[in-house]
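Chains as they are written, first to last, in this note's numbering: chain A, 1 to 291; chain B, 1001 to 1191.
Treat the hints with caution; some may be incorrect.
[Said to hold, decoys possible] When the alpha-carbon atoms are kept at most 20 Å apart in a straight line, the in silico SDA-like pairs for lysine to any residue are as follows:
1) A/K157 with B/A1034
2) A/K157 with B/H1032
3) B/K1061 with A/L4
[Claimed, not checked] Derived CB-CB ranges, DEER-like:
4) A/T190 with B/H1032: 49 to 55 Å
5) A/H209 with B/H1032: 49 to 55 Å
6) B/T1165 with A/A154: 52 to 58 Å
7) B/H1095 with A/T153: 26 to 32 Å
Rather than coming from a laboratory, the hints here were simulated on the basis of the structure.
Virtual Cβ for every residue (Gly too), placed ideally from N, Cα, C.
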Amino acid sequence: MRLLLILAVTLILSLALAVAYPDVMIKPGELSAGHRGLERACLGCHAPIRGASSASCLSCHKLDRIGRATTAGLPLPAERFAKLRFHAGLRETDCMRCHTLHASVRHRKEATFQHALLAPAVRGDCRSCHLDRKPADELHSRLNDGCGSCHNTAAWKSAVFDHRALASGTDCAACHGKDKPEDELHPRVTKSCVYCHTTKRWRPAKFDHNRYFRFDANHPADCQVCHTDGSTFSIYTCYGCHEHSPAGILAEHREEGIRNVENCARCHRSGQENEAEGGGEQREGEEEDDD
Amino acid sequence: MRRSLLVRQVIPFLFWYALLILAAIGADGLLHRAGLYWIGRYLGIVGSVLILGSFAYSLRKRKIIQRGSPKALLEMHEYMSWVGVLMILIHAGVHFNAVLPWAAVAVMLIAVASGFTGKYLLKNARERLRTREAGLREAGLKDEEVADRLFLDSTTVDVMKRWRTVHIPITTVFGTLAALHVLSILIFWRW
Chain A
1 MRLLLILAVT LILSLALAVA YPDVMIKPGE LSAGHRGLER ACLGCHAPIR GASSASCLSC
61 HKLDRIGRAT TAGLPLPAER FAKLRFHAGL RETDCMRCHT LHASVRHRKE ATFQHALLAP
121 AVRGDCRSCH LDRKPADELH SRLNDGCGSC HNTAAWKSAV FDHRALASGT DCAACHGKDK
181 PEDELHPRVT KSCVYCHTTK RWRPAKFDHN RYFRFDANHP ADCQVCHTDG STFSIYTCYG
241 CHEHSPAGIL AEHREEGIRN VENCARCHRS GQENEAEGGG EQREGEEEDD D
Chain B
1001 MRRSLLVRQV IPFLFWYALL ILAAIGADGL LHRAGLYWIG RYLGIVGSVL ILGSFAYSLR
1061 KRKIIQRGSP KALLEMHEYM SWVGVLMILI HAGVHFNAVL PWAAVAVMLI AVASGFTGKY
1121 LLKNARERLR TREAGLREAG LKDEEVADRL FLDSTTVDVM KRWRTVHIPI TTVFGTLAAL
1181 HVLSILIFWR W
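Okay, chain A solo, but in the shape it has when bound:
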């Protein structure tokens, strides 16, 4: 009985206060500046059980007037408010997906702007709203495509950089000049990074020189000695030093019946002569099938 009395008193007192002072008892934070004065008119926007409705917003805020004029009809300057005019082409009119009048949830709504509600033409033209967001750095000055090539609509910072959007093509050094390692190999390499690396990450590099030829003291990693054609690493010659001459090599290999002595690395994967792998090498009388 005592509990029932406590329950009844609490209930009646709280309900009375909530009805008399809804702005103090139940309002979740201050109303935005333009809506001050509606503090006790909860049902002006909120339909019981169904909640706040967009229809009540639209009764004052006409979509095609947003960014053009105030609700009182006063014109708004384009230089400040043009970016709000996308409202006219919204696919849905669910105001509460992005907006709230109450301070306690404003930060949450502002962080979750619903790009999906935008008309496709507006959604694809990021710069129509984010005019001032393109960084004035070297990287972004080279980019021509829309922001959506790298960024998503959730946050700028989770960018996935797509090198295909670059106007500089395969000129990696234009951006990555400082990334070139100062080791024994890389300073000698004059070709584009894409010969060995992908645009997703530097490591692992796809190129493994040992698969073709293993360096040693007499055969150092000095690219230009073997790859004399500056345009590609796919062409090489072993006749760039005094040790190997075409005539001498041919004479030596002719004893074995080998007459193609241009593609040495096909059999010799190192400078060790006894490591030669003879399988599949052309000998006299065989069809030439070099690539």
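Take the given structure of chain A and dock chain B to it, following the hints.
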């Protein structure tokens, strides 16, 4: 020298009570830093369900339900309501907007304190008081001397008894305020 009840039990009780609040503030801070503050919104629902579930003990105690061991249900009541309160504190966060939900939180914390009193303090305190009283009498002290020596402890136990008797009424007030808060959300939601 034997330490008083205040040092042995009231201070540890306050420590664990403060820990509950600090854990809620810490968890709320972590959720905000991780950008997961929206979870707090739903913790209010989960916490309320846990607290409601913990009342199975109250129903068993009053023989409204017949199944379940009272001791096990009491332990479940303590555990579920503690976790539920923690979740509701995270749900409340440190955003001071409307009075009704904050009144509910304040009354909930008072209800927790009265519950803690029953769990942590009262039983041990009574036993200690009896043991000390018996010891003093065996030592030949007169009633007045015993009462004088046990003044602080007996006063503490009396305060605890009062706290415990308010647990259910205060919980009733909390339940009513919380129900009104939920009702206001259902009526005015999508803000």
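Evaluation of the provided hints:
Taken as a hint, the A/K157 and B/A1034 pair is honoured in the structure, with Cα atoms around 15 Å apart against an allowance of 20 Å. The hinted pair formed by A/K157 and B/H1032 meets the criterion: a straight-line CA distance of about 18 Å does not exceed 20 Å. Taking the CA atoms of B/K1061 and A/L4, the gap is near 18 Å; set against the 20 Å cutoff, the hint holds. Range check, A/T190 to B/H1032: about 52 Å between beta-carbon atoms, so the 49 to 55 Å window is met.
Taking the beta carbon of each, A/H209 and B/H1032 are about 52 Å apart, inside 49 to 55 Å as hinted. At roughly 53 Å, the beta carbons of B/T1165 and A/A154 sit within the given window of 52 to 58 Å. Between B/H1095 and A/T153 the CB atoms are about 27 Å apart, so this pair conforms to the stated range of 26 to 32 Å.
When the structure is compared with the earlier hints, no violation turns up for any of them.
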